[in-house]
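The primary structure of each chain is shown beneath.
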Amino acid sequence: MAPGKTIKAKIKKTLPVTGPQAPTVSELMHWYCMNTNTHGCRRIVVSKGRLRRFIWILLTLSAVGLILWQCAELVMFYYTASVSVTVQFQKLPFPAVTICNINPYKYSAMKEHLSELDKETKNALETLYGFSEGKSKVRRDADDWNATGSKFLEIIPLVKFEDLSKKTVTEIPSGNKRKIETSVFHQGSSMVNTGDPQDVVGFQLCDPNNSSDCAVYTFSSGVNAIQEWYKLHYMNIMAQIPLETKVNMGYSAEDLLLTCFFDGISCDTRNFTPFHHPLYGNCYTFNSGENGKVLTTSTGGSEYGLHVVLYIEEADYNPFLVTSTGAKIIVHDQHEYPFIEDIGTEIETAMATSIGMHFTRSHKLSKPYSDCTETGTDIPVANLYNKSYSLQICLHSCFQRAMVDTCGCAQYAQPLPPGAEYCNYKKYPNWMYCYYKLHEKFVKEQLGCQQICKEACSFKEWTLTTSLAQWPSSVSEDWLLRVLSWDKGQKINKMLNKTDLANLVVFYKDLNERFISENPANNIVILLSNFGGQLGLWMSCSVVCVIEIIEVFFIDSFFIVMRRRWQKAKKWWHDRKAAPAQVNAPANEGHDNPVCIDEDLPTFNTALHLPLPQENHVPRTPPPNYSTLQLDAAFTDPLPDTLEGSCH
Amino acid sequence: MNFKRYFIRVLHRLQKGPGYTYKELLVWYCDNTNTHGPKRIIREGPKKKVIWFFLTLLFASLVFWQWGILIDTYLSYSVSSSLSIGFKTMKFPAVTVCNASPYKYSKARHLLKELDELTEAALERILQSKHGDAISAPPLNSSETVSQRLDLKLWNQIPLVLIDESDPDHPVIIDLFETDQNLPSTVGSSFGILLPAVKVCSLLDLTCMYWNFTSAAQAVTEWYILQSTSILSKVPLQERIRMGYQPEDMILACLYGAEPCSYRNFTQIYHPDHGNCYIFNWGMDKEALISSNPGAEFGLKLILDISQQDYIPYLTYTAGARLMLHEQKSFPFLKDQGIYAMSGTETSIGVLVDELERMGYPYSDCTMNGSDVPVKNLYNKYNTSYSIQACLRSCFQAQMFENCGCGHYLFPLPEGVNYCNNEDDPDWAYCYSSLRSSIRHRQFCIDSCKETCNDTQYKMTISMADWPSEASEDWIFHILSYERDLSTNVTLDRNGIIKLNIYFQEYNYRTISESAATTIVWLLSSLGGQFGFWMGGSVLCLIEFGEIIIDFLWITIINIISWCKGLKQKRARAQYPDTPPTVSELVEAHTNLGFQHEDTNITPCDEVPPPGALPPEPGTPPPKYDSLRVDPRAGIDSDSDAEAS
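Residue numbers (the UniProt record's numbering), protein chains in the order written: chain A, 1 to 648; chain B, 1 to 645.
Bound conformation, chain B alone (with noise of 0.2 Å):
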């Protein structure tokens, strides 16, 4: 029902239009619409009409190159910062305190042993090769004995090498412990400056790959972790963490502001690097503590024993404590962003939050909590929240699985895969050295993780100073050794021992906030501003614009449907030449249009096609009433001209 009378209503219109023309439209629009210009145009005489007229265009094509470009700065979705500093009671932040060395070496050793044994005779050889002697004299001395006693299936896996390069074309390889005999030994005599080399081979195309270094000592380091870890990722979990430092040894005291708070108020966590870590203020089970005063008094204080006669000594050779400051619910990253304190130095720590708080998507490329980042967290079973180091080593784990079948010893293992080791995967050593120093891996990492929005640094101020001092180191020592172990001797030492300071600055944090530059509300008022600006306009204008473009089109259509008519009309009249109809449709169109003046234009599209057809017939009437409505036309024009003058 709606459409048959929205149709009527269409057709009904189309019979009547809106009743004017499109000279009559325009000057009706120019004359009546809110934008400045216009009005002019029509207003004026011919000279400023002319100016007027290129003014407006002028204008109107401006505001449409500017609209342009503020458009195109919203989609830029750029964004405006601030900065606030100043001291607010602000979360602590969680404090992770590890000891360097991942075990007691005391109860680790058991496991190390056969290594050790290995490195130690190792050196030997290494040593001995110092003056370039022939290092195959040596070893034939005392290889078998030496042969018999260690264990070199684990040395086979991954033998360390000397390479003389003195021959860029032909380096000489020398095992250490010669096993193989191939090597003449002759060439031992003119050895130039021996390179050490940890070769790992790929067990299955027997491929070898040789990691250079031009040190010894990190030649040997190297290779020690790369054994190590083989030997520790057997172990269980609970097992490690028996072996690591615990709590009631390593936490001698601790203080937060004024109350006094222990061990216990510590969260354990095994960390792959440094083994038992243990983090204050962690807020996994309660809230986090807050502190709202400035200075150290206010702070945390802590008192640590690292026990250095216990280290592991191939394995660690730093010795202090690493600690770490970092968000509620992060998971600690020490390799990356913690600091040493030094064992026998009191470490003040003032703290300073500098947070940037940013937007995400569209304004920056960042993710809020890393739910769209296509790679699996795997440190999500320590319920920690997403962090662009937990990203780059889950896909470094993930990648590792891919490659190498087995996951690494220092990454959270995806569900159904198990720690690499030599026995099960005796490939590893070659697939992790190659997978570590491959740039596309690590790239591809870079491209597929994201930074957090919410970017939180602790920016430290460090100071340090010895403690205890000589006066009161007696005291302290026996003081600390009975409260820990019951003792009457002291049971501690300098080297061991680290007191630390946490605490906030004057000024705790400095905050850069994002917001948008750009909002909706800034485009339109801007927009606004420029139609405002060059021609007076507002939306209205627009709208108005619009009719008139729909009355244009209304106009086109009745003249279409008119010119049809006439087509029409002029086969009919073919056929009664002198119908009287047409001019009394002539004469009645004339007298309806002629109440304004502009119509003139209408007339001749309508109807000077007729008399243009009729001409044949010189005595017919409707010329005559156009030769007299010729004088009107005339008069109005020059009128309109007038008018506008």
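Same shape as in the complex, but just chain A (with noise of 0.2 Å):
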């Protein structure tokens, strides 16, 4: 019974005399700061003393600002991704692996398209160092040339510079010294200085509409320049040669594959799947996942990956196209399109490669976390190549574009667009200019396209160990260059050299797979409760009190606003028609009581505070209710004794 009792006249003194309907928005705060949930405010209001009560309001004051700040901070931190590795020990799906030889066509098979160029190329060499290949049947064929005169040359003519700061160049076909109004680019001069400028070599390029806008490139090395040289002209022969002659002037895979092992098991041509590129011919990828089979390994280990041995045809090699010996390989992901003249690793002959690898596979979140692209469809770059997106096929796919806008047609090295075809100097003389000029531009990312493509989300990547052993060894050299011979030679009859032959092992160096990903480091439950706890500590505040404060400061105050508003503008009404509108004055106000605005129900509390209507006609309304007359009652002597009386 006690407690019942107590409890009960403690709520009946707590109960508000002046309650959220406060008549006044004073009134109104001292009621919100006694009654409100969150500490502080109470403070201010119970607290004596003008110091006190200021520092209760600056301490209230500075907390509210504190998670204010703190909250902001949540919510601008909100974005920001943790970041997980995990290992784990598993069957591993095996990469493709491409192989390509260093050099892309035989050159027996090149001749009859590349003999005029070599020709000139050799030519050239001779006028420019003096030298000739110490054979009578070039100097033979250099006679030739000179009767049958220049056409390599024509087009895009080598230059020696005499002067570099006076711009006197020597054009090599012809010997003729002129002097030179264009503008000079050099190749990577911005990093290097080019050093005695006489030894400047360089070719030039001209716009054919406009031949007195001409651009010279110079190289700090006759090498580079010679090279770039024949590299432009041979992609212009390349480019009339259908695909098919090409492929067939290429390397079979039975050319270039000796033997194949895989995970203790045999394996030939079949598991190679050609592949075109434009620079290395015919590359062979093993493993590419073709027939939707993609091999697994269960054992690490150099015993259980792929063992290969190439061949290498040394003595078919171009010149001048390709300098270095051996093969080029590149571990990529069966859909991820072989960038071998970007990021291959290259195979010596006469020597035993041994790769090991590791598996790390990588996933970022994408927007809002990150600006990356999940399958590259909002990128607004159409992927020219037949595989999943990546940054560099992206890059690539945008320059081709530019190129085919700007040029007309589209670059050797990169895959047609539909409709395009590729540049050769036949059908457009000027696209060789064209294209240096845009390189140029997207070199340094005026193209734009370094900013409309976007990083991949998820990537895997296989770290490399490479390391070199001597193979065959001394001992062992005879028996296995008979036998591999014996193997070639059930096609081809002929003893191999060491030097033509190149040994490869890929294989795992173990089979944890290490996959790093970003998580997101929030949620929305994580930052409710990060507000919650911020509100806890610093105010002991909940959503329910800052409903209270929108209901307390905007709703009520509003509403007390208001009613005094619409009171003084009554009284003012009021006061200009007091005498005509003393009978309609009663009625307005009775249907537009402010009380009946209020979204709860009148009380005779708050009807009991609104000063001047009630008394101006009691004559009109009889009281509301009997309910709220008994609360009047209840109210006007607030004790509960005379309830406890009434019930006796």
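Hints were generated in silico from the structure; no laboratory data involved.
Among the hints, a few may not be true.
[Said to hold, decoys possible] With beta-carbon atoms standing in for the labels, derived distance ranges:
no. : chain 1 : residue 1 : chain 2 : residue 2 : range
1   : B       : D285      : A       : K293      : 43 to 53 Å
2   : A       : K91       : B       : K91       : 28 to 38 Å
3   : A       : E228      : B       : R264      : 50 to 60 Å
For clarity, every value in this text was computed on a predicted model and none was experimentally measured.
Each residue gets a CB set at the ideal place from its N, CA and C atoms; glycine is no exception.
Build the complex from these two chains, which are given one at a time in their own frames, with help from the hints.
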């Protein structure tokens, strides 16, 4: 009995005489401060003394400020990612291994297409550096060529600078000296001092429509100049040759691969998928997943990887196009395009190259966490490669598109966009000039490709540890070469030389897959609980308090202010129309009683405190209802005793 | 005694009760609880009351839902990783150096003589069959002499064959030495492309398996390995160590930082793949060496001689030193992690220690020391720590013993098991080949082995240069030859000599360490945050709520008891219709309860039934009292409404 009673009494005592419907804002505030659940506010009201009250106001305000600041921080750092690294030991998919001979096509097969160009190159070399290859044959060829005229050098003249500052040049075929007025581009001159200006060799590219618009590209070394010059012509020639012919001129899988061994089981050329690369000719991809089956490795170690012996026919190399010997390999995902020219690993002949791999998979969170793309479909650049999106693919595609737009034809090293064809100077005489200009723009990021292209969100990476050993060892060289010749000899009758062979082993060092992934560091639940923590720590507040604040500070205050305004307006109206409006006014008031506007039922309590209207028309209205009447009674004598008394 | 007292107290409580009704209790709770919502429910007007009631309900359910999510997150045991990169003084890795060839040919020749002769003859046969000639013809000419010379017993156990698959349905199989004459020699003239294969037969059920190769070189190598394994497994360990490269022959010079070291600083270990291997800084008997400076000057510099002339020609055809960096007290698995160093070059290896420190169970499924892995670690006899490679090999060896009855020569032996050889276990090659190609067995091992929690990888940046240079070649060879053999002649050459530099890079460690993303502290503070955010509650509020529930139960119990009492009284009253005690009881109860207006609820429950039973007698006082009390009740009801509004 007792607790109930006291509680009741307590409720009565604390019952709001000035409730949420308090007549004035200050009363409302007082009521709020006394009754709110947030700490601090009550202190302000309860505190005695100005200083103390001021301190409490200050503390409360700073707590509010802190909450706002901390919550703002929380919101700002909502989109952060945490990184997790998981290692899993499991059966791993073996990556695709693409192998290319560094020399794209058999030189013997290319002879008919390149003979003229080679002749001219040799002659240019002779004129430039005054040496011939010491063979009378070349000299004779040169003589022939002198008679026929220089087709290639006319299109792109090679020039040698007498004096770079004066811009006097010697044109190679004719030997004419002249002064050039055009702009000179140094390949890479921004980084490297070209040194002695007299040694500078370059070539001139002119806009055929406007012969005064020329650009001279210079190189610090003649080797680079000749190679670049040769490559330009080579691309011109290759662009005119249909793909089938090119494939036939390249190395067949049987040519390239001598032996193959994977995971303890012999494999052969059927396990390799041919793939034609514009610059590297025929390449072969092991485990390309073409038929939907990807090989897996269930044991690490060199024995269980891919063992390949490659046949590199050094004698059949193109002397000007390729200056090194060996093969190039790239380890990549089945869905990735192998950018051999960009990221290949070179394999030396007469060596065993053992490549140990570690597999790492990464995944980044896309928007809004970071600016990467999941599939590449949101990038406005059409993917020209038949493979899944990567940054490289995007950049190359973007350049190719710009090339087609600007120069009208496609660059040879990249795939063809639909409806375009490769550049050659028969059809597009100015493409080279155009290409060089465009490429320079591309490198200087003026084409916008670097801005458009985004990195891919997830990628697989194989970290390679490459080491070399001598192969075959001096004692086993004899039998090994004989047997390998027999292997080969079933097709070609020839004894192999060890400098024509390269041994390659690609294997998993261990089967641990590292998976680096970004996860959202926050989610809405954690954010809210952090909010809650902050609110609770500084002010012991909750959403309810926030609703309270909204209710009291906005809705209730608003209505109180409005009510005041209304009353003032009414009073003013009343005063003004005192005499004539006396009849109408009460009726209006009755209906537009400000209390009715309140979302709650009008209580007598509030009604009581509305000062004027009630007084004026005592005669008009009966008391609203009985219950309010009783309420009135209850509250005018706020002691519960009366109630108890009535009970008896 | 205690029990008794306790029961008395319970009885007492039952009689008195907590003193209020459900509604009162609820109101009291709402008014006094520290959670923010309920107070509003009772303090507001009727409309707001409803709003607040639903708001409170909504918030409460939100809290519970989000708690569920939080607890779920906690139970997922996620981890957060932190990465640190830099240089610190670290233990220099253990460096294992081996020769690619396990034995010196000069010392192993007597064992392998027959096999080598056989191989040579076989090669001869293979090469003769080049042009698709009938290979039956040449063997016929020389087969007698060959058979006399060669030990065909060795051959017949695991013969090398050529298969003509030009007719896929009827492949022609030609044994190189044609011991059984069943094969018609006439078919010989029409061979297409011949593919070599190794024929391994089981003598038990006479089934044979052909291990096909596309290249004769591969076939001969694999065949030779099988044969030599069988021969060498019979040789006792001491003898095998003696046949291998001795430390003083192999390690010519050693320098660690500024301190000279020699082959005596290396621990010898017999490695089945590579014969004698030497481990620097293994940390088995001494403290591991510390390196506190980056750069080649402070690393390990070695000069090795691999004497390539002494290689076994058919067994090892890659020449070089095999080396590996690994942790102290771990077994070097050179075939997996090792790299080659080429002869005639200087190989510089910059090391970055890539560590991954993981939390064990339940955060990730890894093992701290391998004690919880069901596979017996056979590498324990080297006193080395657990690693996944050791586990996989032990697992394979265990399966080998299970299926073939003997252990494979490349792996350590379990107790009481012998190595396989052709004499004792004629089936072993067949058994081994089938086991090796069995995916199921491999998967079994992968499933039963667990990775270690602390994974250390040594990332190497390898670079090479020719060494010695042509200008310095002469004197270097002279000095090294003198130091090794005390001879004035040059006993070394480019083909055998290797220089190695192993050192820490400028940044020598990259450590990824895991820590629990969700701890119990995190969970509690998040739970508190949620509860606080929506309702301003705390643990005490939960306790309050629990208290209320207990009180509810008490009230229920009391009500039931009084209802039962009421039933009894009803029966009693049926006997004595106008029993004064009822009235007095009522009055008493009334006066007691009248102190609080909400009691009205309890009164109907408690006392209205008796009046309800009474109507037959209209003149009785109780109804009067009831009606009397109706008035205040109405007043009180409206009062509580008004209170709230």
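field: Range hint 28 to 38 Å (beta carbons of A/K91 and B/K91) holds or violated
entry: Hint holds: Cβ distance 33 Å, inside 28 to 38 Å.
message: A range of 50 to 60 Å was offered for this pair. Does it hold for the Cβ distance of A/E228 and B/R264?
response: holds (58 Å)
- prompt: Between B/D285 and A/K293, is the Cβ distance one that fits in 43 to 53 Å?
  reply: holds (51 Å)
Of the hints listed earlier, there is not a single one the structure fails to meet.
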